[in-house]
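Participant: Start from the sequences and build out the full structure, keeping to the hints where you can.
Protein chains in written order, with my numbering: chain D, 132 to 404; chain G, 813 to 1104.
Since the hints were made in silico from the structure, they are not lab data.
Quick caveat: nothing in here was measured; it's all calculated off a predicted structure.
Idealized CB from N, CA, C, for every residue including glycine.
Be careful, since some hints might not be right.
[Unchecked claim] List of simulated lysine-lysine pairs, BS3-like, C-alpha gap at most 30 Å:
hint : chain 1 : residue 1 : chain 2 : residue 2
1    : G       : K825      : D       : K161
2    : D       : K403      : G       : K864
3    : G       : K814      : G       : K1071
[What the hints assert, rightly or not] Going by beta-carbon spacing under 8 Å, a handful of chain G positions derived as facing chain D:
hint : residue
4    : K825
5    : L826
6    : F862
7    : V989
8    : T991
9    : P999
10   : F1030
11   : E1031
12   : G1033
13   : F1056
14   : R1080
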Amino acid sequence: MSVLDIQTDLVERILVQFLAEEAGCFGFHKAVLGLSGGVDSAVSCALAARAFGPENVLAVLMPYTTSNPDSKNHAMLVAESLGVRTRLVPIGSMVDGYLDQEAVQDRTRRGNVMARARMIVLYDLSAAEHALVIGTSNKTEMLLGYSTQFGDGASALNPLGDLYKHQVFQLARHLGLPPEVVDKAPSADLFEGQSDEADLGFTYAQADEALFRMVDERWSLDELVEAGFEREFLLRLERRVNLNHYKRLAPIVAKLGSRSFLTDFRYLRCAKH
Amino acid sequence: MKCLVRQVQCNPKLGDWDANLSMHLEAIDGAIRDGKQLVLFPELSLTGYFLKDQTHEVALEAHATAFAPLLERSRSISIVAGFIERARDGRLYNATGFFEDGKLLGIHRKVHLVTYGMFEDGRDFAPGLRFEPIRSRHGMFGILACEDMWHFDGAYLYFLDGVDALLVASASPGRGVTTAPEGEAEPSLASNRVWRTIQDHAALQYQTPVLYTNRVGFEDGVLFGGGTRALDALAEPMGSLEHFDEGLLDSELCSEKLKRARAITPLRRDERLELFERELARRVQAQRDTQG
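Facilitator: Printed below as a string of structure tokens:
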């Protein structure tokens, strides 16, 4: 038992209805998403398959030349188990075209270029399919900024954005996703041997509970320390959450007139005019 | 006396008056066909909830001709529906109207505007300043709009008035999906569990039926949690709807049962209003003193 445990039946129902209703509001009944072979995109794909029907979901596999072959195999396992359509779009040539030209060596820059190349593919296919891009970013990685802005962070609808990683795993098991996908160590697979938890320097289990208490339940640092968390670790988390806040928001607009986006031009997306 | 009630758990479209009016008329016509006498819709049922800058765009004066189809049908059935009211002075209110006998018999302007967390009521609306019971052909009713029910004053004042039922119109977002406490038979949203507690409390403490009508559907990712429910004067559930789907809940308000409940537990008789007034006045004065 964990404080993060969710009622999976309930969450499945809410998220399936969320996808169908929000997409339907804009006249969309189809989805496109990147299927990486990891647990997050597998859960998004399963929810989309339930919301739109598997025949209306296009799962796009976008390996780079150094991607672990297991990723593609696991993605295919997921797609086959759900019955969604798949498309293989290797991103090697489009990514290398730029990386070679600019001689980019830095791992973070290379990873970001790959994530943004995948975004280009997904948005292009969404136009071809008259479909919406479904997001795969969970709350833990969004809080920690462990994602690429306008890359894997880009989507029209994100069913996972308010679920911590622990809850994504729970939902994955509930949705009956293949154990190969659910039980492996999470990895962004942007370079060989990459692991999320090695990148972050702590485990999702540690981060999830601390973030849940800090963000959802508004516990103070002192309360968290009293509950057994290390102050140093909490400060690291807090710093990441604050530093990466920009990734969770739309770009800043310089306000000049009387009604400006995000400040005083206030409409929901689904507003009828 | 009996009153046959239908509560309509619906999914209004944001800012789409025409679509919402059609939805209302269809539900009202169905209720008339089924012999109902009172039909209840959720908060802002004719406009949708998170209107933001649309608030003034969809606002109507109480005598607007747009209400004509509702007024016409109100000759056959009493109707409670939500809209944005533009007062003569230009102030906008989160309004719940009671339509009966071809007239807008009364309006409850939401008193407790909710302006915290995800809510911005206080930015767009002026607060209502009264809890005035509606004297209907079917009895006397106290209307509360969503957050009004979270404060004790409205329900209590209506209890003093001796209303026959509390009509709670709500647009309450559903949230809280972590594990439910033991004893919960069905999966449930934390927000709906809290609402049930509040409804139970009001029905029990005031020996007054509570007809809670909430909406469903999403507005930009926010789910409205349904859970429409009817409690009788003995605080016994007469029925409820679940979290997600549109639906109809039928119940019956029975004046004999109301009398019985108030005979069993005569709390209204034993209220000590002068004491309450005195004690309240002391605190009002203390608050004034603190605020300078």
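Participant: Quick one: which hint numbers does this structure break? Sort them smallest to largest.
Facilitator: Number 14 only.
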